[in-house]
Amino acid sequence: MVAPSALKREPLWRIRLRLWTRSLQKNWALFWESRIGPIGLGIILFFVLLMIAHPILMATVWDPRVYDPVVGFDRDLLGRHPAPPSWAHPLGTDPIGRDVLSQLMWSTRSAFALGVTSALITVIIGTVIGAVCAYFGGIVDTIFMRLADLVMLFPFIALLMVLRSVIHLDLWRLALVMGILSGFGGITIILKAQALTVKVKPYIEAAKVAGGSAFHIIRHHIIPNIMPLAFLYMMFNVTGAVFTEAVLSYFGLLDIRMSWGIMIHTAESAGYLGAFSQYWWLWAPPGAAITLLCFAFYLVGRGLDTVVNPRLRKR
Amino acid sequence: MLRYIGWRLAQIIVTFFLFLTVVFFLFQAMPGDYTKQFIMNPKIPPEARQVLAQRLGLTGSVWDQYRNYVRNVFTGNLGFSFQYYPREVWDVIKERLPRTAVLFLVADLLAFALGYPLGKYIAWRRGQISDYVVTVTGVFFYTIFTPLLAIILLFLFSHVLGWFRSGGFLTPTLWLRPPVEPQRVFLLLTATIVGLLGLWAASFLFTRRIGHPRPRAWARRGMVFLALALAVLAWHESGIGRYAWDIVWHMFLPVAAVTLISFGGIMLLMRDSMLEVIREDYITTAKAKGLPDRVVRDKHAARTALLPTITSFTIGLGFIVSGGIVTETMFSWKGMGLTYLEAVLQQDFPLAMGCLTFTGILVLLAHLVVDVLYALLDPRISY
Numbered sequence: 046m047v048a049p050s051a052l053k054r055e056p057l058w059r060i061r062l063r064l065w066t067r068s069l070q071k072n073w074a075l076f077w078e079s080r081i082g083p084i085g086l087g088i089i090l091f092f093v094l095l096m097i098a099h100p101i102l103m104a105t106v107w108d109p110r111v112y113d114p115v116v117g118f119d120r121d122l123l124g125r126h127p128a129p130p131s132w133a134h135p136l137g138t139d140p141i142g143r144d145v146l147s148q149l150m151w152s153t154r155s156a157f158a159l160g161v162t163s164a165l166i167t168v169i170i171g172t173v174i175g176a177v178c179a180y181f182g183g184i185v186d187t188i189f190m191r192l193a194d195l196v197m198l199f200p201f202i203a204l205l206m207v208l209r210s211v212i213h214l215d216l217w218r219l220a221l222v223m224g225i226l227s228g229f230g231g232i233t234i235i236l237k238a239q240a241l242t243v244k245v246k247p248y249i250e251a252a253k254v255a256g257g258s259a260f261h262i263i264r265h266h267i268i269p270n271i272m273p274l275a276f277l278y279m280m281f282n283v284t285g286a287v288f289t290e291a292v293l294s295y296f297g298l299l300d301i302r303m304s305w306g307i308m309i310h311t312a313e314s315a316g317y318l319g320a321f322s323q324y325w326w327l328w329a330p331p332g333a334a335i336t337l338l339c340f341a342f343y344l345v346g347r348g349l350d351t352v353v354n355p356r357l358r359k360r
Numbered sequence: 002m003l004r005y006i007g008w009r010l011a012q013i014i015v016t017f018f019l020f021l022t023v024v025f026f027l028f029q030a031m032p033g034d035y036t037k038q039f040i041m042n043p044k045i046p047p048e049a050r051q052v053l054a055q056r057l058g059l060t061g062s063v064w065d066q067y068r069n070y071v072r073n074v075f076t077g078n079l080g081f082s083f084q085y086y087p088r089e090v091w092d093v094i095k096e097r098l099p100r101t102a103v104l105f106l107v108a109d110l111l112a113f114a115l116g117y118p119l120g121k122y123i124a125w126r127r128g129q130i131s132d133y134v135v136t137v138t139g140v141f142f143y144t145i146f147t148p149l150l151a152i153i154l155l156f157l158f159s160h161v162l163g164w165f166r167s168g169g170f171l172t173p174t175l176w177l178r179p180p181v182e183p184q185r186v187f188l189l190l191t192a193t194i195v196g197l198l199g200l201w202a203a204s205f206l207f208t209r210r211i212g213h214p215r216p217r218a219w220a221r222r223g224m225v226f227l228a229l230a231l232a233v234l235a236w237h238e239s240g241i242g243r244y245a246w247d248i249v250w251h252m253f254l255p256v257a258a259v260t261l262i263s264f265g266g267i268m269l270l271m272r273d274s275m276l277e278v279i280r281e282d283y284i285t286t287a288k289a290k291g292l293p294d295r296v297v298r299d300k301h302a303a304r305t306a307l308l309p310t311i312t313s314f315t316i317g318l319g320f321i322v323s324g325g326i327v328t329e330t331m332f333s334w335k336g337m338g339l340t341y342l343e344a345v346l347q348q349d350f351p352l353a354m355g356c357l358t359f360t361g362i363l364v365l366l367a368h369l370v371v372d373v374l375y376a377l378l379d380p381r382i383s384y
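Those protein sequences? They're chains R and W, same order as listed. Counting from 46, one number per residue, gives the positions in the first sequence under this note's numbering. Counting from 2, one number per residue, gives the positions in the second sequence under this note's numbering.
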């Protein structure tokens, strides 16, 4: 038993920190127990390592003239590109003489940047709109819900195929467009439903009685309570964004210098995809990378689901 | 019930109208038009391009074009395709729509037949090894990069094993002098598939009088099997069975790809929905009554868990249509997705807009069907 005087002397921030670490520990245990979440996290860590290793390798072992992912060329193998894996090129070279492993590692960065940026934008928009719709209801709610219906009606990839000739889509713009579009889509409906269950809690009433403004209640009471669910959907959105970028790049519709999708596009447009196993290093590594990263974020999302949604836990 | 359907229809028409508006202005915002393709062609002087633009309805203010477009769509006139010039958009869509519809209908039903029992099964065995293995496999196929899956399937089954053709709709050498149009054969095939499905659904009604569950199930299976045998026999005797089989043969790989991609989604939805249901009190009661596990799982839990699964599945339909573009392109299956991609790349706006319009109609209709189904399946809902 701690004496009341001792409690008083402990600063507030430390109590908050302790509570925070305690809940983090509890949630981590739940996440770990889901077993599939940690697998995903492991794969993501592997990709992070690949991403970090690339600039280091470029600065030390790899000659930029040979190993640059976009403009590199290996003169020693002149006329023999695409060359199969060798000691100099662990994953071979592509049809125009660039190192496949270097491209693969370099593209990890853009995949993460795109996926996380787009998902963050989606989640921020979705959370704010979901909270506002649930709190105010009425006409605001109707407008945004019908808008979400409309957005969900559009096949995403088909829409971006048209948009790419209206807006010059480089990596950041693509992330922005995807983030905004899916932010007004289904995620608002899901987060609004969650916010509605928060809105009827007694502490919201109490905050209102105490004179809290609408902004205060939304900002300090509703949004923090729908945050975990939003974070969970962020993982699924990363999967969606990485997948969409890869498909569009594969069709050669984007203005991105190098990405996993573009690597397969290069192999296809140079005519090496039809030979299947003969030139496997041109399509298998980038294809596997896209699949694994999407897979990993989805698994993390599933793992977080058991943390956020108590009904999915073990009894 | 009828009032509810009417209300939903009104809502759908408003949404559809907004959808059309967005589609129109989206394509308006695209730079250039079809006539700009001939800008470098010395044989087509500016005057000729002007005439062409007038003929194709590309002159006049945006507002005029918009009014024309909406009026035309609601009167069923989608205009001419620029790419296949003398053909009308509706003519092209009429040919391609059944291909996409059949591909996705068959694949999604298979995915449901695979995902529903698997989801049920792994939810019941929550936390065991089989749960983790099946979940991870499902997630893997659900998130696999579609072109990669297509490459692997083509490589394995067409290149190495040589069982199936590497894409396309039919074998050209077989169809050199066909007795019937391929489209006619395909429509007959579609009718057969839909008819069999309808019979399967109807078999539940026909066998309702049979009291005991086991003979009832056998009667149902017998009916479906008999119908299937009759259909196969009819196709065999008709003399065009060879041609029909050729199309079916080409359908195998794309159907397999779509099935593999979508079963995971259904399975995971079913699993989560099951996990929520089996915490309910009535499941405990059913177990306490001493009912066998299988009965509790299949009759008490799974039927309730099915409803949220169906809803989430419908909400994700747009996503499936997106995936269709990739699948159809990879397997050169000339459906709506591939047509749309080509039309966008060729700046064939009427055809691209037509494709999007029909996709919108299909998705909206699916939403309506699910709403009605939901009301029929869930005794708690009444309108």
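It is possible that some hints are incorrect.
What the hints assert, rightly or not - If you want the ones that stay clear, here's a sample from chain R, every Cβ over 10 angstroms from chain W, calculated:
{"hint": "1", "residue": "Arg80"}
{"hint": "2", "residue": "Asp119"}
{"hint": "3", "residue": "Ala203"}
{"hint": "4", "residue": "Ser210"}
Said to hold, decoys possible - Simulated DEER-style distance windows between Cβ atoms:
{"hint": "5", "chain 1": "W", "residue 1": "Tyr86", "chain 2": "R", "residue 2": "Val115", "range": "55 to 61 angstroms"}
{"hint": "6", "chain 1": "W", "residue 1": "Tyr375", "chain 2": "R", "residue 2": "Glu55", "range": "27 to 33 angstroms"}
{"hint": "7", "chain 1": "W", "residue 1": "Ile153", "chain 2": "R", "residue 2": "Val93", "range": "24 to 30 angstroms"}
{"hint": "8", "chain 1": "R", "residue 1": "Phe276", "chain 2": "W", "residue 2": "Leu346", "range": "51 to 57 angstroms"}
{"hint": "9", "chain 1": "W", "residue 1": "Pro180", "chain 2": "R", "residue 2": "Val115", "range": "52 to 58 angstroms"}
{"hint": "10", "chain 1": "R", "residue 1": "Gly316", "chain 2": "W", "residue 2": "Pro47", "range": "36 to 42 angstroms"}
{"hint": "11", "chain 1": "R", "residue 1": "His265", "chain 2": "W", "residue 2": "Glu277", "range": "45 to 51 angstroms"}
{"hint": "12", "chain 1": "R", "residue 1": "Gly183", "chain 2": "W", "residue 2": "Gly223", "range": "55 to 61 angstroms"}
{"hint": "13", "chain 1": "W", "residue 1": "Phe253", "chain 2": "R", "residue 2": "Gly316", "range": "23 to 29 angstroms"}
What the hints assert, rightly or not - Only part of the chain R face toward chain W is listed, based on derived beta-carbon distances under 7 angstroms:
{"hint": "14", "residue": "Phe76"}
{"hint": "15", "residue": "Tyr295"}
{"hint": "16", "residue": "Cys339"}
Because the hints were derived from the structure by calculation, they are not lab data. Idealized CB from N, CA, C, for every residue including glycine.
Each hint tested on the structure:
| no. | hint | verdict |
| --- | --- | --- |
| 1 | Arg80 | violated (6 angstroms) |
| 2 | Asp119 | holds (26 angstroms) |
| 3 | Ala203 | violated (6 angstroms) |
| 4 | Ser210 | violated (5 angstroms) |
| 5 | W:Tyr86 to R:Val115: 55 to 61 angstroms | violated (41 angstroms) |
| 6 | W:Tyr375 to R:Glu55: 27 to 33 angstroms | violated (54 angstroms) |
| 7 | W:Ile153 to R:Val93: 24 to 30 angstroms | holds (27 angstroms) |
| 8 | R:Phe276 to W:Leu346: 51 to 57 angstroms | violated (38 angstroms) |
| 9 | W:Pro180 to R:Val115: 52 to 58 angstroms | holds (55 angstroms) |
| 10 | R:Gly316 to W:Pro47: 36 to 42 angstroms | holds (38 angstroms) |
| 11 | R:His265 to W:Glu277: 45 to 51 angstroms | violated (30 angstroms) |
| 12 | R:Gly183 to W:Gly223: 55 to 61 angstroms | holds (56 angstroms) |
| 13 | W:Phe253 to R:Gly316: 23 to 29 angstroms | holds (26 angstroms) |
| 14 | Phe76 | violated (15 angstroms) |
| 15 | Tyr295 | holds (6 angstroms) |
| 16 | Cys339 | holds (4 angstroms) |
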